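Protein chains: 2
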Amino acid sequence: MDNDTLKFNENELLWGQLIMTNTLLQRARELELAGADMSLIQAMVLYALKISPEPMTPGKLAKILYREPHSMSALIGRMEKQGLVETKHDLVPKNLVRVVLTARGEEAFQRQRTANAVINLTSRLTKEERDTLSSCAGKLRVWAIELIRQMTPGPYD
Amino acid sequence: MDNDTLKFNENELLWGQLIMTNTLLQRARELELAGADMSLIQAMVLYALKISPEPMTPGKLAKILYREPHSMSALIGRMEKQGLVETKHDLVPKNLVRVVLTARGEEAFQRQRTANAVINLTSRLTKEERDTLSSCAGKLRVWAIELIRQMTPGPYD
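Sequence lines, in order, name chains A and B.
Residues 13 to 169 (my numbering) are what the first sequence spells out, left to right.
Residues 13 to 169 (my numbering) are what the second sequence spells out, left to right.
Calculated from the structure, these hints are not laboratory results.
Note that the structure is predicted; figures quoted are calculated from it, not measured.
Honestly, I wouldn't trust all of these hints.
No copy labels: a pair is met if it fits in one copy or bridges any two.
To be verified - In the SDA-like style, the derived pairs of lysine to any residue whose C-alpha atoms are separated by at most 25 Å in a straight line are:
| hint | residue 1 | residue 2 |
| --- | --- | --- |
| 1 | Lys106 | Ser85 |
| 2 | Lys75 | Leu25 |
| 3 | Lys151 | Leu137 |
| 4 | Lys151 | Gln38 |
| 5 | Lys151 | Leu25 |
| 6 | Lys62 | Glu80 |
| 7 | Lys93 | Thr114 |
| 8 | Lys151 | Leu30 |
| 9 | Lys151 | Asn132 |
| 10 | Lys19 | Thr69 |
| 11 | Lys93 | Leu137 |
| 12 | Lys19 | Gly150 |
| 13 | Lys151 | Ser135 |
| 14 | Lys93 | Asn23 |
| 15 | Lys19 | Ile76 |
If we strip away everything but chain A, and leave its shape as in the complex, we get:
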């Protein structure tokens, strides 16, 4: 192997660090949520349902959590079986499905909020570090959405 001739540039090195950090944080959060009998994506759906000011459809959930519509539908189906969400057909047009939290889903949402050692890790950073992290994350989101739009004209417009 020609490791000697392989030089990563600054962006590649930072990307590798970010990927690894995310992988580790996600793994830690998944282990923590497993203790609350939940997966990361399920927790994300509960959050989205909890904070949305407007009715949520599987399509909207797929869009805001950036998942494929078919995997979101399958996930909603599993969560409905577990009694965490209910689907209602009271929107106009009638073929739209409205996803709502059940009392059990509400309880699960509260339970995962108290399992928060991973989420609280950022409290060990300084206020200045947290502010920079938040502002960089905001910029990267805007730029990533730009690139996604360029690569998939349509779905994210």
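Starting from the known structure of chain A, arrange chain B on it as the hints suggest.
Here is chain B on its own, set in the frame of chain A:
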């Protein structure tokens, strides 16, 4: 819904931002890699094989990429069928499998490196922002590993 009484604390808000940023960056990178006929995890395996100074086994790959051993073995199997890697049985003990890049894997590695619009997004941040991002990421990795160790005594020691 009692959205009025739902208040997220600073850590929860930052966590939400980081999760969303990662989801978007990963989705953008996946779209970019799809153009190079590759998935994100495949690209990560190629990187790991490329930069490792020592022989790589499926077990080591699973460990450094924080995947389950059985999914890593399945992934290696698929990549071998695609001609990107080869498995060799020349280590001691004999039951250890050594995973190596093929010429085609090498070519795929170089191809995904040139599809780098997503990886280059961080170049739009200031040098100071990149430094803070890198240092925060480093601290979060250390703390996440600590938590993972506490939650799974054994495998990550």
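Each hint, compared with the structure:
no.	hint	verdict
1	Lys106 - Ser85	within (17 Å within a copy, 46 Å between copies)
2	Lys75 - Leu25	between (30 Å within a copy, 20 Å between copies)
3	Lys151 - Leu137	both (20 Å within a copy, 8 Å between copies)
4	Lys151 - Gln38	both (21 Å within a copy, 15 Å between copies)
5	Lys151 - Leu25	both (19 Å within a copy, 16 Å between copies)
6	Lys62 - Glu80	within (21 Å within a copy, 31 Å between copies)
7	Lys93 - Thr114	within (12 Å within a copy, 46 Å between copies)
8	Lys151 - Leu30	both (15 Å within a copy, 12 Å between copies)
9	Lys151 - Asn132	both (23 Å within a copy, 13 Å between copies)
10	Lys19 - Thr69	between (47 Å within a copy, 24 Å between copies)
11	Lys93 - Leu137	neither (40 Å within a copy, 45 Å between copies)
12	Lys19 - Gly150	between (29 Å within a copy, 21 Å between copies)
13	Lys151 - Ser135	both (21 Å within a copy, 12 Å between copies)
14	Lys93 - Asn23	neither (44 Å within a copy, 31 Å between copies)
15	Lys19 - Ile76	between (37 Å within a copy, 20 Å between copies)
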